[in-house]
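Asks: Using the sequences plus the hints, can you model the full thing?
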Amino acid sequence: MFTIISYDIIDDRRRTKVMKYLKGWGTRVQYSVFECDLDARAFTNVLRELRNLIDPNTDSVRCYRLDEASVRRIQIVGIGVVSRDPTHYFV
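With my numbering, the residue at position 36 of the sequence shown is 30, and numbering never jumps.
Just so you know, these hints were derived from the structure itself, not from any lab. Remember, it's a predicted structure, so these values are computed and weren't measured experimentally. Watch out, some of these pointers could steer you wrong.
What follows is a set of in silico ranges between Cβ atoms, one per label pair, in the way DEER data are often shown [as the list claims (entries may be wrong)]:
id, residue 1, residue 2, range
1, Arg45, Gly72, 12 to 22 Å
2, Val76, Asn51, 29 to 39 Å
3, Arg45, Thr21, 16 to 26 Å
4, Arg7, Cys57, 14 to 24 Å
5, Asn39, Ser0, 17 to 27 Å
Where a beta carbon is used, it is the ideal one built from N, C-alpha and C, also for glycine.
Replies: Written out as structure tokens, the structure reads:
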């Protein structure tokens, strides 16, 4: 399912760890925002790891799960496109 993950993390070291972790799961579309395509199992794993990486007393991570109809309604003002996994890979 298309998932938007945004974060507000005050500590540089923790913020860098979260950013590097999320790069393995999706596309960075803004400084602290990633678009990911995660099934239920992957989403559970990502949430578990994010809980381990942040300080819940000072940091915030938000995850928005969007169905296909919601993804089609995304509006982008300015540059950028909604990131989607390619349907084919060339090896």
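Asks: For this structure, which hints from the list above don't hold up?
Replies: 1
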